[in-house]
Amino acid sequence: MRASRPERIAGQAPSGAVLLLGALVLTACGARPTPVHEFQFFALGTLVEVTLANVEKTPAQEARRAIEGLFRRAEEDWDPWRPGALARFNRRLAGGRPFAVDADLLPLLQGSSELSRRSHGLFDPAIGRLTELWGFHRDEPRGRPPEPEAITALMRRRPAMSDLRWNGREVQGTNPAVQIDLGAYAKGYAVDRAIAHLRDLGIANALVNAGGDLRAIGSRGERPWRIGIRRPRGPGVLATLELTEDESVLTSGDYERYFMYDGKRYHHILDPRTGYPAEGAMAATVIGRGAAEGDAAATALVVAGPTEWQAVARDMGIAQAMLIDSLGRIHPTEALRPRLRFTIDPERGIPLDPKP
Amino acid sequence: MTAADRWVVGAALALVASLYVWSWGGVSGSNAPGGSDTAGVVAEVVVAGHPVEAIDLGRDGEVEIQGRMGPSRLLVQDGRVRFLASPCRGKQCIHSGWLAHEGDFAACLPNGVAVEVLGPERGLDAINY
Chain A
1 MRASRPERIA
11 GQAPSGAVLL
21 LGALVLTACG
31 ARPTPVHEFQ
41 FFALGTLVEV
51 TLANVEKTPA
61 QEARRAIEGL
71 FRRAEEDWDP
81 WRPGALARFN
91 RRLAGGRPFA
101 VDADLLPLLQ
111 GSSELSRRSH
121 GLFDPAIGRL
131 TELWGFHRDE
141 PRGRPPEPEA
151 ITALMRRRPA
161 MSDLRWNGRE
171 VQGTNPAVQI
181 DLGAYAKGYA
191 VDRAIAHLRD
201 LGIANALVNA
211 GGDLRAIGSR
221 GERPWRIGIR
231 RPRGPGVLAT
241 LELTEDESVL
251 TSGDYERYFM
261 YDGKRYHHIL
271 DPRTGYPAEG
281 AMAATVIGRG
291 AAEGDAAATA
301 LVVAGPTEWQ
311 AVARDMGIAQ
321 AMLIDSLGRI
331 HPTEALRPRL
341 RFTIDPERGI
351 PLDPKP
Chain B
357 MTAADRWVVG
367 AALALVASLY
377 VWSWGGVSGS
387 NAPGGSDTAG
397 VVAEVVVAGH
407 PVEAIDLGRD
417 GEVEIQGRMG
427 PSRLLVQDGR
437 VRFLASPCRG
447 KQCIHSGWLA
457 HEGDFAACLP
467 NGVAVEVLGP
477 ERGLDAINY
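Protein chains in written order, with our numbering: chain A, 1 to 356; chain B, 357 to 485.
There could be a bad hint or two in this list.
Unchecked claim - Beta-carbon label-pair distances, calculated as ranges:
no.	chain 1	residue 1	chain 2	residue 2	range
1	A	Arg82	B	Pro427	26 to 34 Å
2	B	Arg424	A	Asp102	27 to 35 Å
3	B	Met425	A	Arg144	21 to 29 Å
4	B	Gln433	A	Gly96	53 to 61 Å
5	B	Asp416	A	Thr244	15 to 23 Å
As the list claims (entries may be wrong) - Here are some of the chain A residues that sit facing chain B, going by a computed Cβ distance under 8 Å:
no.	residue
6	Phe42
7	Leu44
8	Asp77
9	Leu105
10	Met155
11	Asn209
12	Gly218
13	Arg226
14	Thr251
None of these hints come from the bench; they were simulated from the model. All C-beta atoms in this analysis are idealised placements derived from N, C-alpha and C, irrespective of residue type, glycine included.
Isolated chain B (complex conformation) (with noise of 0.2 Å):
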């Protein structure tokens, strides 16, 4: 095995452990969506239907979608997300109040703005609600 070998078989080693996590990782048990350890790390917000960002709610701060009304406003603190504002009446989505979890998730639908808590793995296909 030459010098070049080792290295690509170790790179390999690596790949295959990352992919492991990655592809199985949330299979054993962490699906219980209250549970601190399954806490979302990404939210994905859908305009019209079509995901058109993924935020990261490890980082603080302000994101402004762009809905069919005008825009809507998303504050991201502390690992959770939630409407700041909306060019909608009722502002149901504002009073939806913070998102954390896996599967949480809030919507304008009059500016056709939705978002959802993604987890580290998706542990909930659906929300029944």
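Isolated chain A (complex conformation) (with noise of 0.2 Å):
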């Protein structure tokens, strides 16, 4: 595909002249370019990109298999909206009575559920019913707000990660509100899980970019994995990245997912505190190990906003982050911001104008 490399050149007889040449170019290229793989697949609503570097066609091809393999359950199983096994434990949960859940759901729900409780609650895939409120969970949003009444409804009946009230695999839900949601997570899992999967295919130069939601392990062979962030809003990044051994890269934006109302954007962001999308902030960018970690965190301090977003953090573990204001002013850690090569003038911020 893209990165195809000459890894021969045939040609005619040779004569001593061009042997000679030819020792010469060995001497000065060294070894051959690293050979690079890369795939491609939709899955989970959006776009998988898988690359790796210094593997051989064979493992690659096997990798390929796997990677997708694992996408395509995730899709059926953890989308709540589907005949899944995220579905089924829904319905199980509505019911009220205690059960044992899948081995495949319980550690995306015990991880969703602990982030939340560190995350103040700003992240809380408990609000499914919300999500579908506002249609958010179909690729193409409603167009036009809820009734307040019905936002204020649900609302009032408060659903809660904390309402799941668990005892070893058993769980027990006691608020028939809560519909589980995991679409700030399982994204950000099943990118962990291929990473994990590709290492003990041995494969240690990855990478894995789920929409956008990345991971890399190692190196892209002669140099490190780099990356773009994308600006918010209009076209291109603000700023590119070099990632070390095994980092990932999270970024939740209201311009993922939105609908225009009267002028006004409506995100898939939303605050379960209020029920509306998240205010104060554009984007949230999180740098850190895991992905789905860092998935819920994006989604957290966006939530949280300017005033919140770095205690949420801290709280949360994270020391590299990024906010991005709803004025377009970016705002880095200290810890992130030497990392990071700027493409526009980091003082100015965004610029606001929305037209292309």
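Got two chains here, separate frames each, mind docking them using the hints?
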């Protein structure tokens, strides 16, 4: 595909001069370029891109089958609006009786519960009904906000992750308004699983990118993995970043899924305290080890907004993060700032003219 | 050295020079995607996960790509590309506007059509969003 390189130059029968030249070229260039394999597929409602470096063709093909299979199963099992494992879980949870959770689903639910707690409840997968009310569970948003009365009625029932009562691998729902939607966690979790699987296959240099949620291990061979962070308004990236041995980069933004109504942007990052799209921030980026954790944290930081995000990041153990407030001003943490290579003036922030 | 040898050596040198530029030319400091020196030259179109077309952004015109719901139309102009029409309802692909720089990306997810600008040498391995 894109990164194909000539590995061998076929030609005429070599004369002495050509052989000499060939020897010089080999000396000058050293080893042949890193073999890079890329593959892509659609899953979990987005484009998944996987890049493998320093891997031969056969293991790369094996990895492709395994990773695509992993994402396909995730798509079937973790979408509450499809007849899969999470939908079954939600039905049983609403029933109010204790039940044993599937082994596959258990780490997702317990991991997201823990992150919800650490995020002060700002990342809360229990608000699936709210997401549904706003229509953000579909590929195509509904185009207008729901009736305020409907939002108030749902919020009065206070669905929250803390309504799940755990006893080992058994759980009991205590609030029928709870519906688990792992949308802000599952993609990152799938990326983590894909990286773990690649490591099991003996692959040490890989980048898995599920719709912008990404994690990389090793390097691209001759250089580190290099990524760009998209601007929340207008095309292009706002900064580039080189990744170290094992890092994930996760961003949540109001530009990923939204609709405009009466000149106002309504986006998919809903504030579990108000029932409305979070205000105060356009986007938050989190850099850390695990993609699932980063996914949840990025959502929590957008909800937290400019006044609370640093406290939430601290309590979630996130040192490297960046918030872009609703005026387009860029706020990286001290630990992240020196690593970013901005392509715009970070002092001036993001130009707010939304027209491309 | 015969005349044929000289010709072969000359051709080989030219080949080595072009291979050097092709393989290593992008390494030296051209990875700032906002910079004009990295303006993309080709946009890759992916349909349902498979690259189907590489569009030369140096040639103005319209390109029609068949997606799963119907045709998406792309406009190429002044070294840039954008969605012009798509059979989705939300039209977010069209609102994405012009894609001009390496790494710029837009997709019509309902139609399964994605477009990404590739640089002369891919400087970025992924775009986070």
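Taking the hints in turn, this is what the structure says about them:
no., hint, in the structure
1, A:Arg82 with B:Pro427: 26 to 34 Å, "holds (28 Å)"
2, B:Arg424 with A:Asp102: 27 to 35 Å, "holds (31 Å)"
3, B:Met425 with A:Arg144: 21 to 29 Å, "holds (23 Å)"
4, B:Gln433 with A:Gly96: 53 to 61 Å, "holds (59 Å)"
5, B:Asp416 with A:Thr244: 15 to 23 Å, "violated (42 Å)"
6, Phe42, "holds (5 Å)"
7, Leu44, "violated (11 Å)"
8, Asp77, "violated (20 Å)"
9, Leu105, "violated (25 Å)"
10, Met155, "violated (26 Å)"
11, Asn209, "holds (4 Å)"
12, Gly218, "violated (12 Å)"
13, Arg226, "holds (6 Å)"
14, Thr251, "holds (5 Å)"
When held up to the earlier numbered hints, the structure conflicts with 5, 7, 8, 9, 10 and 12 and fits the remainder.
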